[in-house]
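Q: Please model the entire structure based on the sequences and the hints provided.
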Amino acid sequence: MSQPTLIWLQSSPYNSSAAREALDYTLALAAVDCPVQLLLSGPAVCLLLPNNDFSAALQLKDCSKLLGLLPLYDLAAPLVCQDSLHQYQIDPKQLHHAITRLSRQQLAERLALCQQVVTF
Amino acid sequence: MSQPTLIWLQSSPYNSSAAREALDYTLALAAVDCPVQLLLSGPAVCLLLPNNDFSAALQLKDCSKLLGLLPLYDLAAPLVCQDSLHQYQIDPKQLHHAITRLSRQQLAERLALCQQVVTF
Amino acid sequence: MKLVHWIYPELPAQPLLSQLAPQDLLLLRQDGCYSLLLDWPQLPCRSLVLATDLKARGLNVKAAWQSIEDSVWVELAAQASQVVLWPK
Amino acid sequence: MKLVHWIYPELPAQPLLSQLAPQDLLLLRQDGCYSLLLDWPQLPCRSLVLATDLKARGLNVKAAWQSIEDSVWVELAAQASQVVLWPK
Amino acid sequence: MTTFALLLTESPFASQAFQSCLRFAKAAVLANHQVEHIFLYQNAVLAASAAIDLPSDEPNAAALLADFCQQQRIPLLFCSTAAEKRGLSLQPDQLNAGYQLAGLAEHAMRLSQCHQLVQF
Amino acid sequence: MTTFALLLTESPFASQAFQSCLRFAKAAVLANHQVEHIFLYQNAVLAASAAIDLPSDEPNAAALLADFCQQQRIPLLFCSTAAEKRGLSLQPDQLNAGYQLAGLAEHAMRLSQCHQLVQF
Numbered sequence: 001m002s003q004p005t006l007i008w009l010q011s012s013p014y015n016s017s018a019a020r021e022a023l024d025y026t027l028a029l030a031a032v033d034c035p036v037q038l039l040l041s042g043p044a045v046c047l048l049l050p051n052n053d054f055s056a057a058l059q060l061k062d063c064s065k066l067l068g069l070l071p072l073y074d075l076a077a078p079l080v081c082q083d084s085l086h087q088y089q090i091d092p093k094q095l096h097h098a099i100t101r102l103s104r105q106q107l108a109e110r111l112a113l114c115q116q117v118v119t120f
Numbered sequence: 001m002s003q004p005t006l007i008w009l010q011s012s013p014y015n016s017s018a019a020r021e022a023l024d025y026t027l028a029l030a031a032v033d034c035p036v037q038l039l040l041s042g043p044a045v046c047l048l049l050p051n052n053d054f055s056a057a058l059q060l061k062d063c064s065k066l067l068g069l070l071p072l073y074d075l076a077a078p079l080v081c082q083d084s085l086h087q088y089q090i091d092p093k094q095l096h097h098a099i100t101r102l103s104r105q106q107l108a109e110r111l112a113l114c115q116q117v118v119t120f
Numbered sequence: 001m002k003l004v005h006w007i008y009p010e011l012p013a014q015p016l017l018s019q020l021a022p023q024d025l026l027l028l029r030q031d032g033c034y035s036l037l038l039d040w041p042q043l044p045c046r047s048l049v050l051a052t053d054l055k056a057r058g059l060n061v062k063a064a065w066q067s068i069e070d071s072v073w074v075e076l077a078a079q080a081s082q083v084v085l086w087p088k
Numbered sequence: 001m002k003l004v005h006w007i008y009p010e011l012p013a014q015p016l017l018s019q020l021a022p023q024d025l026l027l028l029r030q031d032g033c034y035s036l037l038l039d040w041p042q043l044p045c046r047s048l049v050l051a052t053d054l055k056a057r058g059l060n061v062k063a064a065w066q067s068i069e070d071s072v073w074v075e076l077a078a079q080a081s082q083v084v085l086w087p088k
Numbered sequence: 001m002t003t004f005a006l007l008l009t010e011s012p013f014a015s016q017a018f019q020s021c022l023r024f025a026k027a028a029v030l031a032n033h034q035v036e037h038i039f040l041y042q043n044a045v046l047a048a049s050a051a052i053d054l055p056s057d058e059p060n061a062a063a064l065l066a067d068f069c070q071q072q073r074i075p076l077l078f079c080s081t082a083a084e085k086r087g088l089s090l091q092p093d094q095l096n097a098g099y100q101l102a103g104l105a106e107h108a109m110r111l112s113q114c115h116q117l118v119q120f
Numbered sequence: 001m002t003t004f005a006l007l008l009t010e011s012p013f014a015s016q017a018f019q020s021c022l023r024f025a026k027a028a029v030l031a032n033h034q035v036e037h038i039f040l041y042q043n044a045v046l047a048a049s050a051a052i053d054l055p056s057d058e059p060n061a062a063a064l065l066a067d068f069c070q071q072q073r074i075p076l077l078f079c080s081t082a083a084e085k086r087g088l089s090l091q092p093d094q095l096n097a098g099y100q101l102a103g104l105a106e107h108a109m110r111l112s113q114c115h116q117l118v119q120f
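Protein chains in written order, with this note's numbering: chain A, 1 to 120; chain B, 1 to 120; chain C, 1 to 88; chain D, 1 to 88; chain E, 1 to 120; chain F, 1 to 120.
Please keep in mind that the hints were generated in silico from the structure rather than gathered at the bench.
None of the values given here were measured: they were computed from a predicted structure.
Even glycine gets a Cβ: it sits at the ideal position worked out from N, Cα and C.
Don't take every hint at face value.
Said to hold, decoys possible - Only some residues are given here: those of chain B computed to face chain E with a beta carbon under 8 Å:
| id | residue |
| --- | --- |
| 1 | Y14 |
| 2 | S17 |
| 3 | L58 |
| 4 | L60 |
| 5 | S64 |
| 6 | H97 |
| 7 | T100 |
| 8 | R101 |
| 9 | R104 |
Stated by the list, open to error - Pairwise CB distance ranges (calculated):
| id | chain 1 | residue 1 | chain 2 | residue 2 | range |
| --- | --- | --- | --- | --- | --- |
| 10 | C | E69 | D | V61 | 50 to 58 Å |
| 11 | C | E69 | F | Q70 | 40 to 48 Å |
| 12 | F | P55 | B | D53 | 56 to 64 Å |
| 13 | E | Q100 | F | Q91 | 20 to 28 Å |
| 14 | D | Q42 | B | S103 | 16 to 24 Å |
| 15 | F | K26 | B | S2 | 30 to 38 Å |
To be verified - Which bits of chain D does chain A cover? Going by a derived footprint, with three or more residues having C-beta under 8 Å, they are:
| id | stretch |
| --- | --- |
| 16 | 1 to 9 |
| 17 | 26 to 39 |
| 18 | 50 to 57 |
A: What follows is the structure, encoded as structure tokens:
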């Protein structure tokens, strides 16, 4: 069973614990060599925005730093919904993290390749 | 300060504890003679549907029974957004609970009469 | 065949509908049953609703939707290529 | 004047916009700041965003929006006829 | 026979997630499928607290699920990290009978043995 | 001078609600307004658990709020019913310093002394 588990994060980054715990879940699976793939869509794409400063300004754990750990666990770059990037006017060229942009059609194809899907 | 506190419930009835705890909050305020007014809009209007059976079929606390307690606490009938009733195709004639239907314009006017507003 | 669970009392956003293929199954359960009262667009796949969750809410099944028992739910989940709790 | 807080990273549904009067204030805070990236319709009232929450997210204020400090936030809440955390 | 992993992420209190999970598990066992484990993550971990105190007229979804799992010898695991962040005491005498402390790693390793993951 | 009641309903963990409430309370005190009390309801009550155990790099929003309230003598109350349903132990040694057990009735009575209710 080498099909990856898809961790699909669509929630708001800091209004709930969903983003934080989705990333913890992803890294935990990767740590025991479970094949795993992260997908960001909807408001979750805002996690990719550069120039944020949560720790100092808000006394809040900066979840986006966890994205920087993905390569250390040999994880593929997160899949990101192109329409959502466009909707939030996020320029892929200005991001600090490597991503793989996918159209809706491509997302459907990737989804079909994953046996297990967890949504946050 | 005899302006009522408005308890505005807009959440889904049984996907979270919001509906249950909004009704507990309403009754608790009423119990100590705080003037209080309940407002239902969006998916929360589904709480009004008759013929449900949560306790037996789902082993779930039936929140809609708490609506029946409002008159016992001398509370006015809940305000209900007319557009939401229409959206969920709920016929006001078939409801077991007395309600006051309001248009969006009337809702805005009632909102302006309440000094404190709590949303769920 | 993917089995897509929808649990919110509202219509899903367009992205869900564009992900559904003819062989897929959309299943309403929990408060998703209330969405049966709304005006759904034509779906490209079979649309189901969980009978126990529907009846508990005092609702009846509508044309174009099929009500299923828990035993059928489990079999569909067993046969699906993936089971997805669709996010809101 | 009612002070309406919006904390979700999306545009509010039409009912919010129809409740806003010219003397009201709409304030984006928390993840509501992300909604500044979206295409807002013309609003009938003043539209504000909380500076600390905005800056923490690496965002800049946009035309037609005014960024306010916490001290102003408190004064507006003190003067408001009611303060509402608008539901999603 | 299909091997299922079941994932709960919502609080047991006043949402229908635990009840749905229990019904699915019962129907799966009846049809001779295997429920390999049930994992509690995010707010679902609150079910493991022995201090849950519900009004007497309210079904205790956490206890109903634990009873079924004990009877069927289905491992009912909750995430220790998620629990610690939410202030659950992990002392054995403060945990509900039937709920077992586990890491995300154990869930991940078990997941690779399962055909299907179903989230409630 | 305005008298504020502040209401928290979201979990202290990984949402920004507690941080926002603290900033509002600080700015209000600085401007010589009164924060009459802060009330924790729904998942916000989890802040009162003494067993909260966060990774060392994560700010403890519950503790920061409690420190400020103790310093300013602002009553920081949490709802006993909401806490019991969520499995919080109400033994004094298992509660966070600074958080006081209260009923919805106390919140309601205090609310009638306040000009404004602000929800986070």
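Q: Look at each hint and say if it fits the structure.
A: Hints versus structure:
{"no.": "1", "hint": "Y14", "in the structure": "holds (5 Å)"}
{"no.": "2", "hint": "S17", "in the structure": "holds (4 Å)"}
{"no.": "3", "hint": "L58", "in the structure": "holds (5 Å)"}
{"no.": "4", "hint": "L60", "in the structure": "holds (6 Å)"}
{"no.": "5", "hint": "S64", "in the structure": "violated (13 Å)"}
{"no.": "6", "hint": "H97", "in the structure": "violated (20 Å)"}
{"no.": "7", "hint": "T100", "in the structure": "violated (26 Å)"}
{"no.": "8", "hint": "R101", "in the structure": "violated (27 Å)"}
{"no.": "9", "hint": "R104", "in the structure": "violated (29 Å)"}
{"no.": "10", "hint": "E69(C) x V61(D): 50 to 58 Å", "in the structure": "holds (55 Å)"}
{"no.": "11", "hint": "E69(C) x Q70(F): 40 to 48 Å", "in the structure": "violated (56 Å)"}
{"no.": "12", "hint": "P55(F) x D53(B): 56 to 64 Å", "in the structure": "violated (45 Å)"}
{"no.": "13", "hint": "Q100(E) x Q91(F): 20 to 28 Å", "in the structure": "holds (24 Å)"}
{"no.": "14", "hint": "Q42(D) x S103(B): 16 to 24 Å", "in the structure": "holds (23 Å)"}
{"no.": "15", "hint": "K26(F) x S2(B): 30 to 38 Å", "in the structure": "holds (32 Å)"}
{"no.": "16", "hint": "1 to 9", "in the structure": "holds (count 3)"}
{"no.": "17", "hint": "26 to 39", "in the structure": "holds (count 5)"}
{"no.": "18", "hint": "50 to 57", "in the structure": "holds (count 5)"}
Hints 5, 6, 7, 8, 9, 11 and 12 from the list above are not met by this structure, while the remaining hints are.
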